[in-house]
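Visitor: Here the structure of chain F is known, so what remains is to put chain R in place on it, guided by the hints.
For reference, the chains in residue letters:
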Amino acid sequence: MWRKEDQKTQAGPEISTSAGQAAGTAGGPRETPASAPVSSRAAACISQGIRINGEITGNEDLFVDGLVEGKVELGNGSLTIGPNGKVKADLSARDVIVRGRVDGKVTARDRVQLWSTGHLIGDISAERLAIEDGAVLRGRAEVAKHSEKHAEAFKPAPKPQEQKKVEPLPVPAGPSAD
Amino acid sequence: MSFFQKLRLVGVRNEPRGLPVGGRINPAGVVHAAANPARGPESRSQEATRVSNGLKEFLWNLEGLGRGTLLDLGAAWQTTLSFFIERGFRVTSDDLLRAWADFLAQEEARLKNARATGDALDMTSEARAERFMNANLRYSEGSFDAVLLWDVLDYLEPAAAKRVVASVTDCLRPGGVVFAMFHSRKPEAFQRYRVADSMHLQVLPAAVICPAQKIYQNREIQDLFIRYRTMKSFVGRDQLREVLFLK
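Those protein sequences? They're chains F and R, same order as listed. Be aware that the first sequence starts at -13, since it is given in our numbering, and climbs by one per residue. Be aware that the second sequence starts at 29, since it is given in our numbering, and climbs by one per residue.
Just chain F, same shape as in the assembly:
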């Protein structure tokens, strides 16, 4: 019983880290200090109208709604290209969500999501791939998980013309052994 309460109080600060909500949840039993640090987990944002030329590296989440040219490597972070985002770069992250335009190779350790407004020119390499209807993809899609797991599972429907050809089964001479 006591342990449950302890866990709740410990979980408090983490939940209230998102901007704006921290102040709202301050009415609880425990007071949050006014100088509470903003979570490092809040996604960084390159908003509309901002242009970056060069290399972006890091390990946190990033939202791009502006223009980026060069290279983006986020390691374990998640990268979202917003609907106004235009990126001309090779992208590497844990998850990549494309809602805008991307021209470059996309590599995700986990998942690539291409939304209906997404326009991707370049190759995709990911563990999982989701494409919404209306999205544009011009490039190679390599999904490691599926391709290796099911490589030998390709058994198409029987050839249309040979469906009628039925080989007569050999009639057993006597009763079966089993």
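Incorrect hints may have been included.
Said to hold, decoys possible - Below, a list of computed lysine to any residue pairs in the SDA-like style, where the Cα atoms sit at most 20 Å apart: (1) LYS74(F) <-> GLN99(F); (2) LYS91(F) <-> LEU165(R); (3) LYS260(R) <-> GLU91(R); (4) LYS190(R) <-> MET259(R); (5) LYS72(F) <-> ILE42(F); (6) LYS72(F) <-> GLU113(F); (7) LYS91(F) <-> SER78(F); (8) LYS91(F) <-> ARG166(R); (9) LYS72(F) <-> LYS214(R); (10) LYS72(F) <-> GLN134(R); (11) LYS91(F) <-> ASP122(R); (12) LYS91(F) <-> GLN106(R); (13) LYS91(F) <-> ARG118(R); (14) LYS74(F) <-> LEU53(F); (15) LYS74(F) <-> ASP119(F); (16) LYS72(F) <-> TYR167(R); (17) LYS74(F) <-> ALA163(R); (18) LYS91(F) <-> ASN164(R); (19) LYS91(F) <-> ASP51(F); (20) LYS190(R) <-> ASP150(R); (21) LYS74(F) <-> ASP150(R); (22) LYS72(F) <-> ASP130(R); (23) LYS74(F) <-> ALA127(R); (24) LYS242(R) <-> SER212(R); (25) LYS91(F) <-> GLY68(F); (26) LYS91(F) <-> ALA163(R); (27) LYS91(F) <-> SER168(R); (28) LYS214(R) <-> ILE243(R); (29) LYS91(F) <-> TYR167(R); (30) LYS74(F) <-> GLY108(F); (31) LYS91(F) <-> SER171(R); (32) LYS74(F) <-> HIS228(R); (33) LYS275(R) <-> ARG201(R).
As the list claims (entries may be wrong) - So, partial list: chain F residues that the calculated Cβ filter (under 10 Å) puts toward chain R: (34) ARG97; (35) LEU100; (36) ASP109; (37) ALA116; (38) ILE117; (39) ARG124; (40) GLU128.
FYI, nobody ran anything at the bench for these hints, they're computed from the structure. Owing to the predicted nature of the structure, the values given are computational and were not obtained by experimental measurement. Even glycine gets a Cβ: it sits at the ideal position worked out from N, Cα and C.
Guide: Relative to the frame of chain F, chain R by itself:
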């Protein structure tokens, strides 16, 4: 009407065809999709499924290929990509019709620019096809085992269609297979296709990207694909011929 307007109907949308829901077969041989509870009623009424002997034969030709390479020249659909990726294929998706539409928009801008500056721009269909191919389908020779061409050729200018077939033939390995579709008469609506399963295609009405340019007769199709060893046609009741070409 300028040639751009003839080639590209900007802003024209297909009206929903109002297909009835419930998996019945209409006289055209199209099996209408049964109700899918996961989707809204509007999308349910627009989707249709057709039996595809061409696809069946196409898959049969790919049997035993293992980790093959496939070039899909239609729209990028999750179902089509997953279908082949799950079977071990490395899929390259290249929406050629969208590329053609983008190219025409660029050509229009180029023409305006040329008029303004007084420069000469060769506007013959052959020159246009040349410029289109300079920026598209730049794949290395023999890099694919199979190509899904869908009904793309019907929507390209004949000169561009000829160049596309030549390019597809080059990037296909010997023994490779192409799955194409041709309309027997001018299509009433713009449709896109995706693989539903190994025997069925889903037919999806879509916004017009570019209008149909030419209806090919059998002889013309044979001439286009003259470098192929065999050609096999499957004529559907919905005025759509599925053709399989083996290189």
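Visitor: All the hints need checking, so say for each whether the structure fits it.
Guide: Structure-based check of each hint:
1. The straight-line distance between the Cα atoms of LYS74(F) and GLN99(F) is roughly 18 Å, inside the 20 Å bound, and the hint therefore holds.
2. The suggested pairing of LYS91(F) with LEU165(R) holds, with an alpha-carbon distance near 17 Å, which does not exceed 20 Å.
3. Annotation: proposed proximity of LYS260(R) to GLU91(R) holds, straight-line Cα distance about 17 Å (limit 20 Å).
4. In summary, the hint linking LYS190(R) to MET259(R) is supported, as the alpha carbons are separated by about 17 Å, within the 20 Å threshold.
5. Among the hinted pairs, LYS72(F) with ILE42(F) is consistent with the structure: their alpha-carbon atoms are about 15 Å apart, no more than 20 Å.
6. For the hint linking LYS72(F) to GLU113(F), the alpha-carbon distance of about 24 Å lies beyond 20 Å, and the restraint is violated.
7. Distance check on the hinted pair: LYS91(F) and SER78(F) sit about 8 Å apart at the alpha-carbon level, within 20 Å; holds.
8. Distance restraint check for LYS91(F) and ARG166(R): the Cα-Cα separation of roughly 16 Å lies within the 20 Å cut-off, and the hinted pair is therefore satisfied.
9. A C-alpha spacing of about 38 Å is found between LYS72(F) and LYS214(R), which places the hinted pair above 20 Å, so the restraint is violated.
10. With a C-alpha separation of about 19 Å, the suggested pairing of LYS72(F) with GLN134(R) holds against the 20 Å cut-off.
11. Restraint check for LYS91(F) and ASP122(R): satisfied, since their Cα atoms lie roughly 15 Å apart, inside the 20 Å limit.
12. Pair hint LYS91(F) plus GLN106(R) holds up; C-alpha atoms about 19 Å apart against a cutoff of 20 Å.
13. Of the supplied pair hints, the one linking LYS91(F) and ARG118(R) holds, its CA atoms being roughly 15 Å apart against a limit of 20 Å.
14. Restraint check: the Cα-Cα separation between LYS74(F) and LEU53(F) comes to about 8 Å, which is no more than 20 Å; the hinted pair holds.
15. With a CA separation close to 23 Å, the supplied pair LYS74(F) and ASP119(F) exceeds the 20 Å bound.
16. Restraint check for LYS72(F) and TYR167(R): not satisfied, since their Cα atoms lie roughly 25 Å apart, outside the 20 Å limit.
17. A hinted pair counts as satisfied when its Cα atoms are at most 20 Å apart, and LYS74(F) with ALA163(R) qualifies at roughly 17 Å.
18. Between LYS91(F) and ASN164(R) the alpha-carbon distance is near 17 Å, which keeps this suggested pair within the 20 Å criterion.
19. For the proposed pair LYS91(F) and ASP51(F), the alpha carbon gap of about 18 Å is at most 20 Å, so the pair holds.
20. Taking the CA atoms of LYS190(R) and ASP150(R), the gap is about 19 Å. The hint holds against a cut of 20 Å.
21. The straight-line distance between the Cα atoms of LYS74(F) and ASP150(R) is roughly 31 Å, outside the 20 Å bound, and the hint therefore fails.
22. For the given pair, LYS72(F) sits about 17 Å from ASP130(R) by alpha-carbon distance, which is consistent with the 20 Å threshold.
23. The straight-line distance between the Cα atoms of LYS74(F) and ALA127(R) is roughly 18 Å, inside the 20 Å bound, and the hint therefore holds.
24. Among the hinted pairs, LYS242(R) with SER212(R) is consistent with the structure: their alpha-carbon atoms are about 10 Å apart, no more than 20 Å.
25. Distance restraint check for LYS91(F) and GLY68(F): the Cα-Cα separation of roughly 17 Å lies within the 20 Å cut-off, and the hinted pair is therefore satisfied.
26. This hinted pair checks out: LYS91(F) and ALA163(R) have alpha carbons roughly 18 Å apart, not beyond 20 Å.
27. Straight-line distance between C-alpha atoms of LYS91(F) and SER168(R) comes to about 18 Å, which keeps the hinted pair within the 20 Å bound.
28. Note on LYS214(R) and ILE243(R): the hinted pairing holds, with a Cα-Cα distance of about 7 Å set against a maximum of 20 Å.
29. For the hint linking LYS91(F) to TYR167(R), the alpha-carbon distance of about 16 Å falls within 20 Å, and the restraint holds.
30. With a C-alpha separation of about 10 Å, the suggested pairing of LYS74(F) with GLY108(F) holds against the 20 Å cut-off.
31. With a CA separation close to 19 Å, the supplied pair LYS91(F) and SER171(R) stays within the 20 Å bound.
32. Distance restraint check for LYS74(F) and HIS228(R): the Cα-Cα separation of roughly 38 Å exceeds the 20 Å cut-off, and the hinted pair is therefore not satisfied.
33. Restraint check: the Cα-Cα separation between LYS275(R) and ARG201(R) comes to about 8 Å, which is no more than 20 Å; the hinted pair holds.
34. Hint status for ARG97(F) relative to chain R: violated, with the closest Cβ pair at about 13 Å, above 10 Å.
35. Interface restraint check: LEU100(F) against chain R, minimum CB-CB distance 7 Å, threshold 10 Å, status holds.
36. Given the 10 Å rule on beta carbons, the hint for ASP109(F) holds: about 8 Å separates it from the nearest Cβ of chain R.
37. The interface hint given for ALA116(F) is met, as the beta carbon of that residue sits about 7 Å from the closest beta carbon of chain R, less than 10 Å.
38. At its closest, the beta carbon of ILE117(F) sits 4 Å from a beta carbon of chain R; the interface hint therefore holds under the 10 Å criterion.
39. A cut of 10 Å between beta carbons decides the hint on ARG124(F): the least distance to chain R is about 5 Å, and the hint holds.
40. At its closest, the beta carbon of GLU128(F) sits 6 Å from a beta carbon of chain R; the interface hint therefore holds under the 10 Å criterion.
Comparing the model with each numbered hint stated earlier shows that hints 6, 9, 15, 16, 21, 32 and 34 do not hold.
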